[in-house]
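Spelled out, the chains give:
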Amino acid sequence: MLTWLPQNVSTFGGDVDHLFHIIYYITGVWFVAAELFLFYCLVRFHKSRQAQPLYARGESSSQAAWVLVPVLVVLMLDLGIDKIGGDVWHRIKLELPPAGDQVHVTGKQFNWEFTYPGPDGKFGTADDQTIENELHVPVGTVVRFELSSKDVIHSFFVPALRLKQDAMPGRTIKGWFEATQPGTYEIACAELCGFGHYGMHGVLTVHTAADYQRWVQSTWGAAKAAAK
Amino acid sequence: MATATPSEIRVGAHHEPHLGFLRSYVFSVDHKVIAKQYLGLSLFMALLGGAAAYLIRWQLAWPETYVPGWGYVEPQQYNAIITMHGTIMIFFVAMPFVLGAFGNFLIPLMVGADDMAFPRLNMMSFWTLFVGSAVLIASFFVPAGPAAGGWTAYAPLSARPIYTGVTWGQNLWLIAVAIEFASFLMGGINFLTTALNMRVPGMTLWRLPMLVWTELIAAVLFMLSVGPLIAGAFMLLLDRIAGTSFFVPDKGGDPLLWQHLFWFFGHPEVYVVGLPGFGIMMEIIPVFSRKPLYGYKTIVWGMIAAGVLSFVVWAHHMFVSGIDPRLATPFSITTILISVPFAIIVFSLLVTLWGGKIELTSAMLFAVGGLATFIIGGVTGIFLGSAGLDVYLHGTYFVVAHFHYTLMPLAIFGGFAGLYFWFPKMFGRMMNETLGRIHFLATFICFNCVFIPLFLAGVAGNPRRIYEMSSYDFLKPAQPLHVIATIATLGLLAGQIPFIINFFMSLVRGRKAERNPWHANTLEWCTDSPPPHGNFSQPMVVYRDPYEYGNPDAPKDWMAQNEPPAAPAPLGGGQIRRTGTR
Amino acid sequence: MGASAHAPTAVAAVNDDAFKDIARGRIAVWWFLASEIMVFGGFITCYVLFRYAHGGWEDAARHVNWKLGAVNTVVLLTSSLTMILAHHAVKVGDKQGVKTFLGLTIALGLTFLVIKGFEYHAEFAEGFTPLSGLFWSFYFLMTGLHGLHLLVGIIINLSLLVMALRGTIWACGDRVELGGLYWHFVDVVWIFLFPLLYLT
Chain A
1 MLTWLPQNVS TFGGDVDHLF HIIYYITGVW FVAAELFLFY CLVRFHKSRQ
51 AQPLYARGES SSQAAWVLVP VLVVLMLDLG IDKIGGDVWH RIKLELPPAG
101 DQVHVTGKQF NWEFTYPGPD GKFGTADDQT IENELHVPVG TVVRFELSSK
151 DVIHSFFVPA LRLKQDAMPG RTIKGWFEAT QPGTYEIACA ELCGFGHYGM
201 HGVLTVHTAA DYQRWVQSTW GAAKAAAK
Chain B
229 MATATPSEIR VGAHHEPHLG FLRSYVFSVD HKVIAKQYLG LSLFMALLGG
279 AAAYLIRWQL AWPETYVPGW GYVEPQQYNA IITMHGTIMI FFVAMPFVLG
329 AFGNFLIPLM VGADDMAFPR LNMMSFWTLF VGSAVLIASF FVPAGPAAGG
379 WTAYAPLSAR PIYTGVTWGQ NLWLIAVAIE FASFLMGGIN FLTTALNMRV
429 PGMTLWRLPM LVWTELIAAV LFMLSVGPLI AGAFMLLLDR IAGTSFFVPD
479 KGGDPLLWQH LFWFFGHPEV YVVGLPGFGI MMEIIPVFSR KPLYGYKTIV
529 WGMIAAGVLS FVVWAHHMFV SGIDPRLATP FSITTILISV PFAIIVFSLL
579 VTLWGGKIEL TSAMLFAVGG LATFIIGGVT GIFLGSAGLD VYLHGTYFVV
629 AHFHYTLMPL AIFGGFAGLY FWFPKMFGRM MNETLGRIHF LATFICFNCV
679 FIPLFLAGVA GNPRRIYEMS SYDFLKPAQP LHVIATIATL GLLAGQIPFI
729 INFFMSLVRG RKAERNPWHA NTLEWCTDSP PPHGNFSQPM VVYRDPYEYG
779 NPDAPKDWMA QNEPPAAPAP LGGGQIRRTG TR
Chain C
811 MGASAHAPTA VAAVNDDAFK DIARGRIAVW WFLASEIMVF GGFITCYVLF
861 RYAHGGWEDA ARHVNWKLGA VNTVVLLTSS LTMILAHHAV KVGDKQGVKT
911 FLGLTIALGL TFLVIKGFEY HAEFAEGFTP LSGLFWSFYF LMTGLHGLHL
961 LVGIIINLSL LVMALRGTIW ACGDRVELGG LYWHFVDVVW IFLFPLLYLT
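Chains as they are written, first to last, in this note's numbering: chain A, 1 to 228; chain B, 229 to 810; chain C, 811 to 1010.
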């Protein structure tokens, strides 16, 4: 199961994968134990091997312990998972590290719009550029995004970043990521948004620093890019 | 017996009324006939839902190819089909199956009553559901097609016709679902009143068979959770028809509100469908293990705890939806805590098997098979309940596989187990065991082969509700998984053919059933198969709890609830353990 | 006779059980009302959340006629009183009283609807419709549903009145109590709606 995880290229993606592993092994042990117990019972206590069933009502405290003690262990493991999972959540969604780069992401039926502030680093100015379905970011930089939608709910999903956040019409949702490896990765929409939902497909390009400069220059022109 | 209720007076009388065909079989007020009507309706709707599953799976495995028996599936159609699949399976198959059919048939019989407390209301609740189903089916034939916004009908996609292109389809969907809610609210009145008020002497709450407990808890959960969604359905319908903006942000509405209303209902709804499935397993497993249910009261308290918890976990469906991220942590904790009451139920059932004298009839196979598969559904819930991991897994096939692994074992495996178990009581004939076991093996193997691959696809990041994924490079490795799942789906559907044959053949040619073919203890086995009008030929009195199997002190390995103790108890304590009063 | 020797203990166990003493009709009506409370609770919660989240609703709320609303509150409260008196009349066997008080309850209910109708008319005349903004959507939806519930209550009471006139009500006197439970529920809903919609 674990090998099916796609390559991870974000700083917090490792935490997500780690959490996945922890839960996988904890629940895996319980799953295997429960199924083995069940299967053993069906074979060992089949009526062909068992003349007189054991009479146990499970109501006295010593008998109830056979259920309640494992349940207590489950409770303890639950709390442990809560703790670890809570930390991961906190890191991804609650802490917003200082921005190295910014972008506005807007979902609409059925495209992603990425608006870049341009060389002046400010949104709402003349040099803003909006590019459909192409997100360009430099590697090793914290990218802060503001997510919104023009029509229905979309969900900004970048599997390689382990990042997902719904884009909600009527509100702006802030988030961040930091890519660790250059390359191109796919962006999908993870919330049913109409008949074109399956084709709402974007590409994230993570550039090396030099590469990113080249992209900025080709997009805004050399003169303006120099101002950045 | 100072508190003789009208039901007890009517018992005994036992006259077969000479009603016409219409009053006996169509507009009947007899809970047993109504239960069979629910059963028939749910099995019919299951055919529709199954056909939808076939189309979905075919399209996913071999995108945009000709689907035998249908044609090409268009993107818009695909969205409509997944919407209808979910709606039909949850509201019009699972609920009428485990609540409508088994609740109606068994609650009066198990508490020893002659019928439901309000028979005419009972009839009305079925026919209301019938109208709801008709409205839903009608929505297939309106211009612009049926609803295509998913079974969750998230606004604003569902709130404005321009977003999906669907016009009356979505309106009819809302109306059909609202009618369904009304139907089960009416049904719930009967469940509660009958189970609380029409118990025969001796049937204390702590001697109620578990199935009655689960139906009771399910009815209460449903009643307490569905109200806000009914309010939401009104608002959504107004948004669509009148142009208000409750869920559309252009005039200040909020799409998230719909999600809150939907999931405040949606999570308890899972238990509404699931708990009766457990109830069926808890009736069957002791019978075929010849052992008492292990820890009756612990289980009841566990189920009540699960019910209470189900009201404070709904936002786990919304971790990445834009709610305040600080809310995720408490909801994540409550969600993962849900595993505690379910661990109680599952462990108790497992320990019930230990040391038993197990007989693997078709009913027992479906019950333990359901338990075995539910464990997968249970543990995968931890993955999704953990907010940090849900960031990645939310909205992927992992979710799809997870909820099929919870609902199918409980509602479908449980429902089939119940059908094999109570078929003799319902129809007076035994089902064929060989066909039943073939049915089980096919269902069990194919079911797992459908959804295990989908877990893997989810881990690979495959979003759900995607019409076709060939344009995504990262999903290329997942494509073979979909092919496996689809072939297994075909097997799963074909695996139901032995059941259909068995069902109809046994109806006509099955061996006549005796009163108590399984040597079970609950009251429904103390009357004829099928029970006559009025259920019992003499008033019932209950002496013990329902799971007195294999007691070494008793003369035989089962002691029916209404069987008087064998010998007068000597002074200073009896040999019969009267555990119900402990 | 082992059976009869043991039956009394078993029966005694059931008599400990409080639920069996509650009349069936009452369980049913309480169930129905509980589910209704969840529906109206849903509306009211949504309304409060929206109002909390968005400013500017006070301006809209200023246009509703709180004086007529207050009159209506008094009308409904009085009708609850007459409903209780009708129930009391059934209990003591006062034949004339039942008819009078049921009639009065119906009349008060109709009065409420008529006043509400005038309010709606005035609001529509000023150009406020359910589409004039979220406040008005909630206002018309909640008061409209409440009005429908009241209409149902009036119909129930009318059927009780017919039974009283025919003299058949004495065979099933608890129906006045059950109808009354519903009537009071509709009244209580208004007690919530009035301050939320008119006074804040």
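Because the hints were derived from the structure by calculation, they are not lab data.
This structure is a prediction, so every number in the text was calculated from the model and none was measured.
It cannot be assumed that every hint is accurate.
[Claimed, not checked] Some but not every residue of chain B turned toward chain A, in silico, with C-beta under 7 Å:
| hint | residue |
| --- | --- |
| 1 | P291 |
| 2 | Y294 |
| 3 | Y300 |
| 4 | P384 |
| 5 | V498 |
| 6 | P520 |
| 7 | A571 |
| 8 | V579 |
| 9 | K585 |
| 10 | G623 |
| 11 | R693 |
[Claimed, not checked] A partial selection of chain B residues facing chain A, derived with a Cβ cut-off under 10 Å:
| hint | residue |
| --- | --- |
| 12 | L275 |
| 13 | G550 |
| 14 | A556 |
| 15 | V596 |
| 16 | V619 |
| 17 | D773 |
[Claimed, not checked] Straight-line Cα separation of at most 30 Å, DSBU-like style, residue types lysine-lysine; simulated pairs:
| hint | chain 1 | residue 1 | chain 2 | residue 2 |
| --- | --- | --- | --- | --- |
| 18 | B | K525 | A | K47 |
| 19 | B | K479 | C | K905 |
| 20 | B | K525 | A | K150 |
Note that beta-carbon positions come from the ideal geometry of N, C-alpha and C, so glycine has one too.
Hints, verified against the model:
Because the beta carbon of B:P291 sits about 9 Å from the nearest beta carbon in chain A, more than 7 Å, this interface hint is broken. For B:Y294, the shortest C-beta to C-beta distance to chain A is roughly 19 Å, which exceeds 7 Å, and the interface hint is violated. Taken as an interface hint, B:Y300 does not check out: its beta carbon lies about 14 Å from the nearest beta carbon of chain A, beyond 7 Å. A hinted interface residue such as B:P384 counts as satisfied when its beta carbon comes closer than 7 Å to some beta carbon of chain A; here the least separation is about 5 Å, so the hint holds.
Taking 7 Å as the C-beta contact cut-off toward chain A, the hint placing B:V498 at the interface is violated, the least distance being around 19 Å. Because the closest C-beta pair between B:P520 and chain A is about 5 Å apart, less than 7 Å, the hint holds. At its closest, the beta carbon of B:A571 sits 5 Å from a beta carbon of chain A; the interface hint therefore holds under the 7 Å criterion. A distance limit of 7 Å between C-beta atoms decides the matter here; for B:V579 the minimum to chain A is near 6 Å, and the interface restraint holds.
Because the smallest distance between the Cβ of B:K585 and any Cβ of chain A comes to about 4 Å, under 7 Å, the interface hint for this residue holds. Residue-level restraint check for B:G623 holds (minimum Cβ-Cβ distance to chain A is 4 Å; threshold 7 Å). At a threshold of 7 Å, the smallest CB-CB gap from B:R693 to chain A is about 4 Å, leaving the interface hint in force. With 10 Å as the threshold, the beta carbon of B:L275 stays out of range of chain A, its nearest partner Cβ sitting at about 25 Å, so the hint is violated.
Proximity of B:G550 to chain A holds as hinted, the smallest CB-CB distance being about 4 Å (cut-off 10 Å). Interface hint status for B:A556: upheld, as the beta-carbon distance to the closest one in chain A is roughly 6 Å, under 10 Å. Given the 10 Å rule on beta carbons, the hint for B:V596 holds: about 6 Å separates it from the nearest Cβ of chain A. Checking B:V619 against chain A: minimum C-beta separation of about 5 Å stays under 10 Å; hint holds.
A least Cβ separation of about 9 Å between B:D773 and chain A falls short of the 10 Å threshold, and the interface hint therefore holds. Distance restraint check for B:K525 and A:K47: the Cα-Cα separation of roughly 27 Å lies within the 30 Å cut-off, and the hinted pair is therefore satisfied. The suggested pairing of B:K479 with C:K905 is violated, with an alpha-carbon distance near 55 Å, which exceeds 30 Å. A threshold of 30 Å between alpha carbons decides the hint, and for B:K525 with A:K150 the separation of about 53 Å lies outside it, so the pair is violated.
Figure legend: structure checked against the earlier numbered hints; hints not met, in rising order: 1, 2, 3, 5, 12, 19, 20.
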